[in-house]
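Asks: Can you build the whole structure from these sequences, using the hints too?
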Amino acid sequence: MPELAEVEYYRKVWSVGTGEAVRRIRLHPQARIFRESNSTAIGQTLTGKTFTNSITHGKKMLFRFSEGCYLGIHLGMSGSLSACAKEMVPSRHEHLVLIMETCALVLTDPRMFGKVLFHQGDAPPDWWANLPPQPQEADFDQRYLNHILESHRRQPLKALLLNQSEFPGIGNWMADEILWQARIHPATTAGSLSPYKRKKLFNRIKHVCVEALRIIGTDWGDPPESWLFSHRWKRGGFCPATGKPLAFETIGGRTTCFSPAIQKY
DNA sequence: CCCCATGTTCGACA
DNA sequence: GTGTCGAACATGGG
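In this text, residue positions in the first sequence follow my numbering: the first is 2, and each later residue adds one.
Keep in mind the hints are simulated off the structure, nothing from the lab. Don't take each hint at face value.
[As the list claims (entries may be wrong)] Here are the computed lysine-lysine pairs in the DSSO-like style, where the Cα-Cα straight-line distance is at most 30 Å:
1. K13 x K50
2. K87 x K50
3. K207 x K87
4. K116 x K198
5. K200 x K265
Replies: Quick look at the structure:
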């Protein structure tokens with residue numbers, strides 16, 4: 002499910018527990034989401050610590066606790082975060098639950114493609130260091146984008162936009178939305194864009210990221226009908242710009258929705 | 001039964 | 001090194 006805006010939304014969902022201590026932890030020790038961490042140690046170490054704040058980077062979240070404890074979460078394909086009454090009883094897919102003073106913070110993930118990391122120490126964790134510029138931030142500028150395009154010049158743009166090292170947080174629907182708004186065919190190779198199209202691509206990356214964060218990232222609102230977003234989910238949809246049928250093809254290994262009449266190479 | 005899914009990684013291959 | 005492809009992970013929905 003989650004791309005950068007949904008991730009930001011879920012981060013805020015857990016912020017109702019800010020300033021509270023972890024009273025106890027319930028988790029499924031064998032759940033696949035703990036494959037790169039020690040679930041038992043998480044339960045033992047995090048109990049009693051106070052939740053101080055959180056940040057996101059791309060599709061990753063970092064939750065900070067007292068005494069140098071850091072909980073990293075990636076939601077994978079089907080993960081989500083929620084908050085509920087602290088008397089809750091975890092169901093089958095609620096693999097990690099932090100019972101706080103006034104609420105319970107819950108990580109649900111049916112498919113378990115997500116993952117949980119944990120770190121305690123004076124320095125921040127290695128897995129939260131040397132992170133690339135995020136597309137919605139000011140240090141991600143036209144020059145930086147041009148550099149990315151040049152260094153992957155033979156890649157189809159759809160595949161490149163899904164590369165988390167270069168475009169952290171952009172996922173399948175955002176990549177399609179950006180290319181549709183920029184009127185660029187998703188199979189266009191990165192190195193073949195004219196200066197005009199590079200500028201247009203940059204402009205649409207910023208627009209889609211910033212607007213998605215504003216609309217979805219705050220209270221899970223729906224993007225405007227003028228976006229591809231609401232027309233792309235089922236086959237047989239129509240392009241909101243032309244009224245013509247949308248096309249679906251596998252590009253960069255993922256189902257890609259685009260409007261052939263207006264997205265040219 | 002079939003196919004599809006907002007993600008990532010890995011091995012095989014050209 | 002580049003890039004592509006399919007499979008794998010595990011579960012649910014249509």
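Asks: Now tell me if each hint is right for this structure.
Replies: Now for the hints, and whether the structure bears them out:
1. K13 x K50: holds (19 Å)
2. K87 x K50: This hinted pair holds, its Cα atoms lying about 16 Å apart.
3. K207 x K87: violated (39 Å)
4. K116 x K198: violated (37 Å)
5. K200 x K265: Distance of about 16 Å is within 30 Å: holds.
The structure fails hints 3, 4 (numbered hints given earlier, in ascending order).
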